[in-house]
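Asker: Given next are the chains, with one letter for each unit.
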Amino acid sequence: MKDIVEIRWHGRGGQGAKTASLLLADAAFNTGKYVQGFPEYGPERMGAPITAYNRISSERCTVHSNIYYPDYVVVVDESLIQAVDVTAGLKENGAIVINSGADPEELRPMLKGYKGRVCTIDANRISEEELGKVFPNTPMLAAIVKVSGVVDAEEFVKDMEASFKHKFASKPQVIDGNMRALKRSMEEVKG
Amino acid sequence: MAIRERLSGNEAIAFAMKQINPDVMGAFPITPSTEIPQYFAAYVDNGLVDTEFIAVESEHSAMSTCIGAQAAGARAVSATSSCGLCYMTEMLYIAASDRLPITLAVSCRALSGPININNDHSDAMGVRDAGWIMLFAETNQEAYDNFLQAMRIGEAVDLPVMICQDGFITSHAIENIELVEDDKVKEFVGEWHPEHYLLKKGESMSVGAYATPVYYMETKRSQAQAMIDAKDVIKKVGAEFGKMTGRSYGLIEKYMMDDAELAVIMIGSSAGTAKEAINEMRAQGKKVGLIKVRSFHPFPTEEIVDALKNVKAFATMDKDDSFNGHCGPMHAEVSAALMAAREFGPLGINFIYGLGGRDVKVESIEKVFAELEKIAATGELGETYRYLEVRE
Chain A
1 MKDIVEIRWH
11 GRGGQGAKTA
21 SLLLADAAFN
31 TGKYVQGFPE
41 YGPERMGAPI
51 TAYNRISSER
61 CTVHSNIYYP
71 DYVVVVDESL
81 IQAVDVTAGL
91 KENGAIVINS
101 GADPEELRPM
111 LKGYKGRVCT
121 IDANRISEEE
131 LGKVFPNTPM
141 LAAIVKVSGV
151 VDAEEFVKDM
161 EASFKHKFAS
171 KPQVIDGNMR
181 ALKRSMEEVK
191 G
Chain B
192 MAIRERLSGN
202 EAIAFAMKQI
212 NPDVMGAFPI
222 TPSTEIPQYF
232 AAYVDNGLVD
242 TEFIAVESEH
252 SAMSTCIGAQ
262 AAGARAVSAT
272 SSCGLCYMTE
282 MLYIAASDRL
292 PITLAVSCRA
302 LSGPININND
312 HSDAMGVRDA
322 GWIMLFAETN
332 QEAYDNFLQA
342 MRIGEAVDLP
352 VMICQDGFIT
362 SHAIENIELV
372 EDDKVKEFVG
382 EWHPEHYLLK
392 KGESMSVGAY
402 ATPVYYMETK
412 RSQAQAMIDA
422 KDVIKKVGAE
432 FGKMTGRSYG
442 LIEKYMMDDA
452 ELAVIMIGSS
462 AGTAKEAINE
472 MRAQGKKVGL
482 IKVRSFHPFP
492 TEEIVDALKN
502 VKAFATMDKD
512 DSFNGHCGPM
522 HAEVSAALMA
532 AREFGPLGIN
542 FIYGLGGRDV
552 KVESIEKVFA
562 ELEKIAATGE
572 LGETYRYLEV
582 RE
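Sequence order for the protein chains is A and B. Our numbering numbers the first residue of the first sequence as 1 and each following residue consecutively. Our numbering numbers the first residue of the second sequence as 192 and each following residue consecutively.
Some clues are possibly wrong.
To be verified - Heads up, simulated DSSO-like pairs for lysine-lysine below, C-alpha to C-alpha not over 30 Å straight-line:
id, chain 1, residue 1, chain 2, residue 2
1, B, K422, B, K377
2, B, K209, A, K167
3, A, K171, B, K209
4, B, K552, A, K33
5, B, K503, B, K422
6, A, K165, B, K552
7, B, K411, B, K377
8, B, K377, A, K2
9, B, K500, B, K565
10, B, K209, A, K33
11, B, K558, A, K2
12, B, K377, B, K477
13, B, K422, A, K33
Please keep in mind that the hints were generated in silico from the structure rather than gathered at the bench.
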């Protein structure tokens, strides 16, 4: 299938990688795309490595398997790059986005010879500063949108603002923080 | 205008239930179908439906609740998976033989052991002789569409209907879906006015009575006739649904079968993966196709024989095993259909695949076609009872 973008998320149980993949599916859906957003289910527990996936395309994708040759990989927890083969099958013309305060070239040696684009974003710090706690979902989502271009950046920001307004209708004070986290992440992603 | 949405398969079923607003839901949770009663309970709590939601202590009781309600003259629904469906088994037979058109959503999951929460069809296939109409969905869209058609089908022949989808693979995956407007759903599904029911004033009746050998067999024969009659009803309702939505349904779906020399016969979500494999192989000039079985019971014998007529080699794909030493349940049905039609041309093998959530990839299906190519070229069937992608 042409023009399909496949994304694999690596996180730890409880960190919200699944939620982030569903949010990305929502964002792409809202710009008129066909989407798939699904986690790989197993005997989950807090802290255990988990995987989630997105397919985004302009026609319905009929494939219902996991993703083995992703265009992009998102690593929500930096410690996973030591524990999981995060670049397995990752396309060289794609990219990996890692939640880390380090520079991309510092992490590259740990990526088993991956030659493609390596990006980092300090999502933990951004969320702590803007939301008051470690909640890396929103900044990671913004970073992958920026890096992949799978959703138009401007449309994405508008769409997320509307969805935060809906989601946090009863606590409007967190809308601004989330929006700042989102925009900062799009500006600060390195690599 | 249809409503463009994105929902998981479980959300889609709960939404269909909301639009239908059934009288009673009997429910007990089990992974991966738990979300269906969970979302539906929220609709009940928010006053969006006036369904009597009966939380029970087991699946056996969930189905018993449905049986009591449906016999009283209500429309009843439930949802379950895996061992939950096993635990319902006794009552599934009662529902069918009492001719109660209950609708049950099944998010299919493997059976223990080893304990496993992921998808295969062992649960649904394990109750295939209970007398229920069984429709399978490839996508969230089909799960939703099938559920909207279920009552029209079941109520026309007085049989219960099981709407099956693949646990997690479609039940928990968010995908695009086109929803039908509430008023159209209401008009399509219609109201349920059974001819006979327990609460009918001035007419006494008994449901679930004892039948001596003098009556038992005639009861079963009429049940069998209802299942035979269901074939035409499923096609008629599927065509009518198509007029409303543009999505028509029959007993099977044929994909690239017109000139196909090699074919796979499949059920459920992996049929979509097979379509992509077929697209890729067609681009290489290979004449390959798919027969997707939507209605497992009643079994589409004529349709499958007709679709296989000019095929050189085919593989029936069973996502479960009968452990009978020679084939899975669908291969047995396909083989019997070919035999009954005196159609001995196509060479057929059986693959057991995707058990307990073993991922089924585009390459998995390509491997099956590679085996079929060899069989078509040599005329040698080899072992007909095979396992796909298993470590021996």
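Asker: With reference to the structure, classify each hint as holding or not holding.
Answerer: Hint check results:
1. B:K422 / B:K377: holds, 24 Å
2. B:K209 / A:K167: Satisfied, since the Cα-Cα distance of roughly 22 Å is no more than 30 Å.
3. A:K171 / B:K209: holds, 29 Å
4. B:K552 / A:K33: holds, 23 Å
5. B:K503 / B:K422: Holds - the C-alpha atoms of K422 of chain B and K503 of chain B are around 27 Å apart, at most 30 Å.
6. A:K165 / B:K552: violated, 39 Å
7. B:K411 / B:K377: Status violated; Cα separation ~33 Å.
8. B:K377 / A:K2: Given that 30 Å is the threshold and the Cα spacing comes to 39 Å, the pair is violated.
9. B:K500 / B:K565: OK: K500 of chain B and K565 of chain B at ~19 Å, within 30 Å.
10. B:K209 / A:K33: Roughly 26 Å separates the two Cα atoms, so the pair holds.
11. B:K558 / A:K2: At roughly 22 Å apart (the allowed maximum being 30 Å), K2 of chain A and K558 of chain B satisfy the hint.
12. B:K377 / B:K477: Violated, at roughly 45 Å.
13. B:K422 / A:K33: Violated: K422 of chain B and K33 of chain A sit about 36 Å apart, past 30 Å.
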